[in-house]
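*Asks:* In the order they appear, the protein sequences are chains A and B.
Those letters in the first sequence? Residues 3 to 359, per my numbering, in order.
Those letters in the second sequence? Residues 3 to 359, per my numbering, in order.
FYI, nobody ran anything at the bench for these hints, they're computed from the structure.
Don't take each hint at face value.
[What the hints assert, rightly or not] In silico DSBU-like pairs for lysine-lysine, Cα to Cα no more than 30 Å straight-line: (1) A:Lys228 / B:Lys228; (2) A:Lys228 / B:Lys202; (3) B:Lys228 / A:Lys202.
What follows is the residue order along each chain.
There are 2 protein chains.
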Amino acid sequence: MPLHPEICLKDLSPAHARMALDVVRFMEGQGVSLGGGRLLVALSGGADSTALLVLFCALRSTLGVTLHAAHLDHALRAESAAEAEACRALCASLGVPFFLRREDVAERACEWQCGIEEAGRRARYAFLEECRLQCGADWVLTAHHVGDLAEDMLMRFTRGAGWPGLGGMRAVLDEPARAEGEHGAEAARRILRPLLMREKRELVEMLLGLGVQWQEDASNQSREWKRNRMRNDVLPLLLAENPSLYDNVRRLWRSACEDRRWWDERLSGALAERGEGTAREISIPAGVLVSLERAGRLRAWAEAVRRMDIGQARADTLESMEEVWLKRRFPRRFSFSGGVKAEIEASGVRFFWSPER
Amino acid sequence: MPLHPEICLKDLSPAHARMALDVVRFMEGQGVSLGGGRLLVALSGGADSTALLVLFCALRSTLGVTLHAAHLDHALRAESAAEAEACRALCASLGVPFFLRREDVAERACEWQCGIEEAGRRARYAFLEECRLQCGADWVLTAHHVGDLAEDMLMRFTRGAGWPGLGGMRAVLDEPARAEGEHGAEAARRILRPLLMREKRELVEMLLGLGVQWQEDASNQSREWKRNRMRNDVLPLLLAENPSLYDNVRRLWRSACEDRRWWDERLSGALAERGEGTAREISIPAGVLVSLERAGRLRAWAEAVRRMDIGQARADTLESMEEVWLKRRFPRRFSFSGGVKAEIEASGVRFFWSPER
Chain A
3 MPLHPEICLK
13 DLSPAHARMA
23 LDVVRFMEGQ
33 GVSLGGGRLL
43 VALSGGADST
53 ALLVLFCALR
63 STLGVTLHAA
73 HLDHALRAES
83 AAEAEACRAL
93 CASLGVPFFL
103 RREDVAERAC
113 EWQCGIEEAG
123 RRARYAFLEE
133 CRLQCGADWV
143 LTAHHVGDLA
153 EDMLMRFTRG
163 AGWPGLGGMR
173 AVLDEPARAE
183 GEHGAEAARR
193 ILRPLLMREK
203 RELVEMLLGL
213 GVQWQEDASN
223 QSREWKRNRM
233 RNDVLPLLLA
243 ENPSLYDNVR
253 RLWRSACEDR
263 RWWDERLSGA
273 LAERGEGTAR
283 EISIPAGVLV
293 SLERAGRLRA
303 WAEAVRRMDI
313 GQARADTLES
323 MEEVWLKRRF
333 PRRFSFSGGV
343 KAEIEASGVR
353 FFWSPER
Chain B
3 MPLHPEICLK
13 DLSPAHARMA
23 LDVVRFMEGQ
33 GVSLGGGRLL
43 VALSGGADST
53 ALLVLFCALR
63 STLGVTLHAA
73 HLDHALRAES
83 AAEAEACRAL
93 CASLGVPFFL
103 RREDVAERAC
113 EWQCGIEEAG
123 RRARYAFLEE
133 CRLQCGADWV
143 LTAHHVGDLA
153 EDMLMRFTRG
163 AGWPGLGGMR
173 AVLDEPARAE
183 GEHGAEAARR
193 ILRPLLMREK
203 RELVEMLLGL
213 GVQWQEDASN
223 QSREWKRNRM
233 RNDVLPLLLA
243 ENPSLYDNVR
253 RLWRSACEDR
263 RWWDERLSGA
273 LAERGEGTAR
283 EISIPAGVLV
293 SLERAGRLRA
303 WAEAVRRMDI
313 GQARADTLES
323 MEEVWLKRRF
333 PRRFSFSGGV
343 KAEIEASGVR
353 FFWSPER
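Work out the full structure: start from the sequences and follow the hints.
*Replies:* In structure tokens:
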């Protein structure tokens, strides 16, 4: 294996060195300058995250960044401990300090009363955030690529997202901890997705070119997981219809970012926040609601729910709120997950936390 | 067969009578009052359009409308002439004047140098518009339902539509004739899609309840057509993930309508039009372009292309125009189908028709 702690851009093919610099520019376009920072790579050991780690190692000297890596062994498959050790060896060969934890995700799923996929996601992000704080990293880097983004758009379409949510996951996520979420407390998230515009093909090519091995997670093929079914069953059909699908996905994503920014600006000032934690309240006065048209008001409802840190609201709940407001059927109270309530009255709407059902 | 020229809402089950009235209310919500009008039903003879015809026959006395029906025999399958005769018989039993034409669509595809699907679409809409003018109908009614809408959204996603285009086909289409289109001249279209929020299941149930027969078009199962592959391969996978998918599709469609209206209002006045036919020009002065942010400007480019009657512009062309404008790389000329050009200069952009390449 040609990997060594001094790997740099010159060790990559010219095309892959260009890709590395494009990745940096992409993050700059998202308002994040990576230079001189401390970064924690979320390393599953699969092709995507292995490529992410190698790419940033090659960028280390150019950017002047310090790297760490973290792997959560989900203990769901017999081979997972060996995979964790392979991650450790990879990091050792690249001179990257390595965090490892083994967590029984199946047990967590029972404890948290949620599915295995959701428990894995939650345990992983909590672990990553813990490691980030421990090593003092500015950001956690994850290896989501444009194939994951396409998958995410289809999942959101299927689950019923509106616009711009339909445009898929963000490249920069800077969320505070949630005291109360659908499944209890959730860790803060400071996440970058630098590979979001890249194709898996490019990442695999780079690894093959360098002779770097990775580990295929057998569960990625399992039809048990919804995300895999989108990836393995639906996406190939759409790609067969249009081999340039990923170009469209990138464009749609950019336009969703654009529109999100636009609506954010337009709605900034519409929502009045006060208090912290479970004492937090968000209100939108009647005057503001009247000044917005329906398209804006629906987004104001959604933004308030988002800021109450209870995840994404269902579109039909937002439509019901809008109808109550429009037809002046107040006072009316809506309940959200985590004990959050919204009360609509003639004076406007108020979101607050209340333990009563 | 219990069909007769006096069929009315009382002949339907209460649920289907309610559906019929919902359909009328849906069109009213779209700003179209059907009462007292003259309507032409596009009748393929399949379940959807048969249900559409029966539904509007049952509404005839309530609405005070006059109905006609039209069937284009595409001459692509051996059984098509028999199907056309079945349509004639159905209309006779319902007392609806019937237009029939047989057109060799395969031949048209050669002549127009386009695919069979596209040739069929174009021949069909030209025929329907001809019939509409002949019988003096206000609108052509087509039987697109929420399953077709979901399919259309997926097609648009795959082909690369932006927002709100991604929200799918309109319920009301009122387009003038196009002198020059991608495949030459195109007929005007005045189309309503009253069933757009209904499910095929409801339509079939109504027909079964009334004992009305319809004809299964075998080519609907053919994997040769892109639309069928979406319908038969992709949609069932998404419906398996979320059985309430169609609720989300309806909501997404409504929100796209909302946003389209919103952007239309915002952009009205931004585009200056003059002239007719191939002398038509649309311009957007620099001052207006500067006043719009990127999200608005991209939609202004798209709207201008739409008004030049050359179909939908490719999103990457619109992005290139935006880049030329932003980076002030003018003068620069873009070419669209049908001989339409766009010229970007410091003074703004001008769309015009020019035969030169």
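*Asks:* If a hint holds in the structure, say so; if it does not, say that too.
*Replies:* Hints, verified against the model:
| no. | hint | result |
| --- | --- | --- |
| 1 | A:Lys228 / B:Lys228 | 25 Å, holds |
| 2 | A:Lys228 / B:Lys202 | 26 Å, holds |
| 3 | B:Lys228 / A:Lys202 | 26 Å, holds |
The structure is consistent with each of the numbered hints, conforming to all of them.
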